[in-house]
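Protein chains: 2
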Amino acid sequence: MRFISEQRLDDGVLEREFTLGEIPGTLWTPASVSPAPLILMAHNNGLPKADARLVARARYTAAQGYAVATIDAAGCGDRPRSAADEQARAELRRAMQAGEPVDEILESFIGPMVEKAVPDWRATLDAVLALPEVGGPVGYSGGWTALGIRLAVLEPRIAAAGFFAGGFVPCAQREEARQVTIPLLFLLQWDDEGNPRQRALELFDSFGSKEKTLHANPGGHTGTPWFELEDGCRFLDRHLK
Amino acid sequence: MRFISEQRLDDGVLEREFTLGEIPGTLWTPASVSPAPLILMAHNNGLPKADARLVARARYTAAQGYAVATIDAAGCGDRPRSAADEQARAELRRAMQAGEPVDEILESFIGPMVEKAVPDWRATLDAVLALPEVGGPVGYSGGWTALGIRLAVLEPRIAAAGFFAGGFVPCAQREEARQVTIPLLFLLQWDDEGNPRQRALELFDSFGSKEKTLHANPGGHTGTPWFELEDGCRFLDRHLK
Numbered sequence: 001m002r003f004i005s006e007q008r009l010d011d012g013v014l015e016r017e018f019t020l021g022e023i024p025g026t027l028w029t030p031a032s033v034s035p036a037p038l039i040l041m042a043h044n045n046g047l048p049k050a051d052a053r054l055v056a057r058a059r060y061t062a063a064q065g066y067a068v069a070t071i072d073a074a075g076c077g078d079r080p081r082s083a084a085d086e087q088a089r090a091e092l093r094r095a096m097q098a099g100e101p102v103d104e105i106l107e108s109f110i111g112p113m114v115e116k117a118v119p120d121w122r123a124t125l126d127a128v129l130a131l132p133e134v135g136g137p138v139g140y141s142g143g144w145t146a147l148g149i150r151l152a153v154l155e156p157r158i159a160a161a162g163f164f165a166g167g168f169v170p171c172a173q174r175e176e177a178r179q180v181t182i183p184l185l186f187l188l189q190w191d192d193e194g195n196p197r198q199r200a201l202e203l204f205d206s207f208g209s210k211e212k213t214l215h216a217n218p219g220g221h222t223g224t225p226w227f228e229l230e231d232g233c234r235f236l237d238r239h240l241k
Numbered sequence: 242m243r244f245i246s247e248q249r250l251d252d253g254v255l256e257r258e259f260t261l262g263e264i265p266g267t268l269w270t271p272a273s274v275s276p277a278p279l280i281l282m283a284h285n286n287g288l289p290k291a292d293a294r295l296v297a298r299a300r301y302t303a304a305q306g307y308a309v310a311t312i313d314a315a316g317c318g319d320r321p322r323s324a325a326d327e328q329a330r331a332e333l334r335r336a337m338q339a340g341e342p343v344d345e346i347l348e349s350f351i352g353p354m355v356e357k358a359v360p361d362w363r364a365t366l367d368a369v370l371a372l373p374e375v376g377g378p379v380g381y382s383g384g385w386t387a388l389g390i391r392l393a394v395l396e397p398r399i400a401a402a403g404f405f406a407g408g409f410v411p412c413a414q415r416e417e418a419r420q421v422t423i424p425l426l427f428l429l430q431w432d433d434e435g436n437p438r439q440r441a442l443e444l445f446d447s448f449g450s451k452e453k454t455l456h457a458n459p460g461g462h463t464g465t466p467w468f469e470l471e472d473g474c475r476f477l478d479r480h481l482k
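In order, the protein sequence lines correspond to chains A and B. Sequence positions in the first sequence follow the working numbering and run 1 to 241. Sequence positions in the second sequence follow the working numbering and run 242 to 482.
Treat the hints with care, as some may be off.
Stated by the list, open to error - Calculated from the model, a selection of chain B residues having no Cβ within reach of chain A, i.e. all distances over 10 angstroms:
{"no.": "1", "residue": "252"}
{"no.": "2", "residue": "373"}
{"no.": "3", "residue": "446"}
{"no.": "4", "residue": "456"}
{"no.": "5", "residue": "458"}
Stated by the list, open to error - Computed beta-carbon distance windows for the label pairs:
{"no.": "6", "chain 1": "A", "residue 1": "22", "chain 2": "B", "residue 2": "416", "range": "27 to 37 angstroms"}
{"no.": "7", "chain 1": "A", "residue 1": "51", "chain 2": "B", "residue 2": "348", "range": "45 to 55 angstroms"}
{"no.": "8", "chain 1": "B", "residue 1": "342", "chain 2": "A", "residue 2": "202", "range": "41 to 51 angstroms"}
Rather than coming from a laboratory, the hints here were simulated on the basis of the structure. Don't be surprised by glycine CBs; every beta carbon is placed ideally from N, CA and C.
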């Protein structure tokens, strides 16, 4: 793991870009706590780690006393995509513009994308946890629920997770949801254009966790109210601090 | 309004029993804040104001800097019930034991019970707000969602409300929910035996409020996790402080 740049933010949070082999990542660490519990923060379906909404959430979370790590996993962000991925995405755009159903297309490339992303996230978890300023336990907080489900099932180090309902979850992860038993906060935008409400409620129902809480707010995909970020951190506080 | 007993609790909260004409009530006021914003706290469907769960919620809320008032409204708690009410409740018990549908029975006595309770709650609101240690704005926090809907529609002084989904809401209040426009926190027990989940989700959908948040947790009617009490107070803080 090699740090390639760093920036100290106003609230004392240290923001560092790193590379881990081919994986580009960002790590935020708080000034106040060391070692700080680690949050893995993933953006949905390969959106780049530099996306403004993810960065804002990461900075806020780090200021609450967490180390926060994000990466562009294989095929995500600015990393090269396979020809098959490019083709699937082109087909997705075409189908969306034509108002055609997109479930099959999403299934065809998000399923494999999750599988390919997992090893990069686990390698990052190992590397970041080896830093003296980062400790356990580990939380997952992500727009990318499908990846979160996969990681929660595979990784006993992940002790709590916040998921966002607004993203396509492939069949395999919908099945795996029953095996997730860690405490969950599941955030739903009630009027999310592209993500059927009923499907999200069924996914919430599926999770095997004894402690799972659904927070739903009116509005579309990007309309999550700011107070949910505070609530999300308090959820993490209850389980990781 | 006449205070008939008082008790200072460990955290400085003053707990006073009062009467207002025929209405028996309890008022909790914090040591730290004066005037304190007022919360009307109603228990579901006429359960007595001395119920341990309501008292615990009221004491906690007062310790967070709120004045909290509850009453036994007409026909509620230990106050006399009409012969018709007694008969409806006997019929309800019989139908529940027999496993028969109870919606019609509930509709027949909870609708009128809400109507009869409203004047007592409004009189209490007037009287309590006249105390120098109590100020506006006013919130409603209650197991009794039907009463809360009615009050929220009638009372412009109520600026925010926390409702519990686990209670029968008569047709009239299900209709009126569209007229409720204040910020809401709606608390649902996902596996509430006697209260169909789908009906609760439809009610959440109906509320006219731009800001409304659903919190759902697994478990039965009385299984609400303790952290929802904290969340409920933070919701009130956002709108009343």
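Here is what the structure says about each hint:
1. 252: holds, 21 angstroms
2. 373: With a cut-off of 10 angstroms, residue 373 of chain B remains clear of chain A, as the shortest Cβ separation is near 32 angstroms.
3. 446: violated, 8 angstroms
4. 456: Not fine: 6 angstroms to the nearest Cβ puts residue 456 of chain B too close to chain A.
5. 458: violated, 5 angstroms
6. A:22 x B:416: 27 to 37 angstroms: violated, 60 angstroms
7. A:51 x B:348: 45 to 55 angstroms: holds, 50 angstroms
8. B:342 x A:202: 41 to 51 angstroms: violated, 26 angstroms
The structure does not agree with the numbered hints 3, 4, 5, 6, 8 stated previously, though it agrees with the rest.
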